[in-house]
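S.K.: Those sequence lines, one after another, are chains A and B. Everything in the first sequence is counted per this note's numbering, starting at 1 for the first residue and increasing by one. Everything in the second sequence is counted per this note's numbering, starting at 1001 for the first residue and increasing by one.
Everything labelled a hint here was simulated from the structure, so no lab data went into it. Any given hint could turn out to be false.
Subject to a maximum C-alpha distance of 20 Å in a straight line, what follows is the list of computed DMTMM-like cross-link-like pairs (lysine to aspartate or glutamate) [claimed, not checked]:
1) Lys-1073(B) - Glu-1181(B)
2) Lys-1093(B) - Asp-186(A)
3) Lys-259(A) - Asp-73(A)
4) Lys-1087(B) - Asp-186(A)
5) Lys-1073(B) - Glu-188(A)
6) Lys-1073(B) - Asp-186(A)
7) Lys-1093(B) - Glu-188(A)
8) Lys-1093(B) - Glu-1108(B)
9) Lys-1087(B) - Glu-181(A)
10) Lys-1011(B) - Glu-1100(B)
11) Lys-1087(B) - Glu-188(A)
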Amino acid sequence: MTQTSVVGPPSAPVETQDPGTPRKRRARAPGRLGAGSTLGLGVTMIWFSLLVLIPLTAVLASAVSGGWSGFWDVLTNPQTASAIRLTVFEAMGVTVVNVFMGTALAWMLVRDRFFGKRVLDIVIDVPFALPTIVAGLVLLALYGQQSPLGINVANTRYAVFLALAFVTLPFVVRTVQPVLESLERDTEEAAASLGASRLATFRRVVLPSLVPAIAAGAALSFARAISEYCSLVLLYGNLPNRNEVASVRVLTYIENGDKAAAAAVASILLVVALVVIVLLDVIQRRLARRG
Amino acid sequence: MSIKVSGVNKKFGDFVALDNVSVNLPTGQLTALLGPSGGGKSTLLRIIAGLETADSGTVTIEGHEATHLPPQKRNVGFVFQHYAAFKHMSVAKNVAFGLEIRKRPKAETAKRVAELLELVHLSQFAHRLPAQLSGGQRQRMALARALAVEPTVLLLDEPFGALDAKVRKELREWLRRLHDEVQVTTVFVTHDQEEALEVADEIVVINEGRVEQVGTPDQLYDEPANDFVMSFLGPVTTLGGRLVRPHDIEVFTTAAVTGAVGGVITRQVRIGFEVRLAVQLDEPGAPEVSVTVTRATQRHLGLEVGSQVWVAPTHGAPAVPVVTPIRQNLTA
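Next comes chain A alone, as it looks inside the complex:
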């Protein structure tokens, strides 16, 4: 032990590693993979291409098969534009609600003790497990013309919102829950003993750890919401310009034999989904870094 100061540093060599030198690691030169990795990469890429890349490219290709003007015409069609707008706004709204309600639900399930907690924990997944047409049916029975609760939202935008909220409920809950469970309580206790109120502790210590999970749940929830179809067909009442959603619009185009138009709408949904997912990731990285 050095005697240079009253409180000398513990002199373990590992302890006082120079911050500038990263630990050396045995690794292959970048870009070179072993035989096993090459095979793995090949198999997964072929699988991914067959399932995702090729069909998506086909959608994009057929969207512009009628030329850019055809593409543009489809999108500027007032009914289609209104459907896309409605879909995107509703999906965003539902996602925002899910971010708050889903986190609150996850918090309750992990941190609180109450009667029926186990049951609730299981029931959360039901909207996910149910065929979504059944979800539509249930919602119609409860909030339709014959609503026992006296709430009739059938054929309105609220119906769309309700249906989307119903089918996307589990996403944020199920992504946040395991993270919340694995959080060490002593960091919260440390914050408390340093003087942080419960709110400050949540905002500055707990939330940054949850943000990646919340963002992942939000991305799933948004993606699911803009593509939802089955649970909506019973509730929306097919009122163009009022509560018609994009997926229904796609179906209409297909039924009318206009595949290029259907593909055009689909590709717009694709781009929106991509933009939102990337955006959520960027926000998540920002928030998780800030304390």
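Using the hints, position chain B against chain A.
M.R.: Chain B only, in chain A's frame:
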């Protein structure tokens, strides 16, 4: 008295964690709460910090009634066994946390953080994340974070428990010197008697929710209050119905000494400079006695397995009557 705990009881369901515990911990000292796992020492520390509430009893810190104060209002620094680092914040941000919560001016906070990082020798790591530090460094960061708010008392819950033996030894020496420099009333929990004996000014031995003995390391070692304290502070063996430390037993090769009991060496293990012997007494039904002698003594007396020997406690060696059957550590 800096911290005064009176008549504290705490139960977790049916389990009695603390049973009418009263202790006074003096200002400016380094006190160890020593005892076996599950004995209640961490619970006591957490009650002092306000992280746990006592079922009954009172806690006063520096003369202020603190029994019902939330942890935020107690002005204690708490260091956890597993560091409790804020993982998403840099080392400097971790240390600054308490000051930012208190809304200190930025310049003042930055200055204080720099000072503390200097004190715990982490200045060059200020912008790293906790995950990029070793265990020992993380614990020093946690210590700096706790000291940042200038706490009335510093509480450490098994602070070196998660570290490997070498780092643990270095850190406890360092803690001792840090305490001499900072002079804040410090209480730390440990189950390692060597750690307590080496570092603490005063030791409180806690077992099964009760205080067994309070005293300086010397008092505890030389005048253990009972068989528990004696056996917890190091290996013990039974000789003549009393607990004695194996190195406090003398070995003779003749029966010349009065009070010495005859027996035969049944096992012998050498660890470096010391030799541990197991002696089966001639007296039927008597338990095996473990004796520790130096390598030199063993060679001098020509001790080996099967040798006939006579053993007796050395003059003035601490010994306590065997009250309860205790865990005998025959190989130790």
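S.K.: Next step is simple, just say for each hint if it's right about the structure.
M.R.: Hints and how they fare:
1. Lys-1073(B) - Glu-1181(B): violated, 26 Å
2. Lys-1093(B) - Asp-186(A): holds, 18 Å
3. Lys-259(A) - Asp-73(A): holds, 14 Å
4. Lys-1087(B) - Asp-186(A): Distance of about 12 Å is within 20 Å: holds.
5. Lys-1073(B) - Glu-188(A): holds, 15 Å
6. Lys-1073(B) - Asp-186(A): holds, 18 Å
7. Lys-1093(B) - Glu-188(A): holds, 16 Å
8. Lys-1093(B) - Glu-1108(B): At roughly 14 Å apart (the allowed maximum being 20 Å), Glu-1108(B) and Lys-1093(B) satisfy the hint.
9. Lys-1087(B) - Glu-181(A): Given that 20 Å is the threshold and the Cα spacing comes to 16 Å, the pair holds.
10. Lys-1011(B) - Glu-1100(B): Since the Cα atoms of Lys-1011(B) and Glu-1100(B) sit roughly 36 Å apart, the hinted pair is violated (cutoff 20 Å).
11. Lys-1087(B) - Glu-188(A): Holds, at about 12 Å.
Hint check: violations occur at hints 1, 10; the rest are consistent with the structure.
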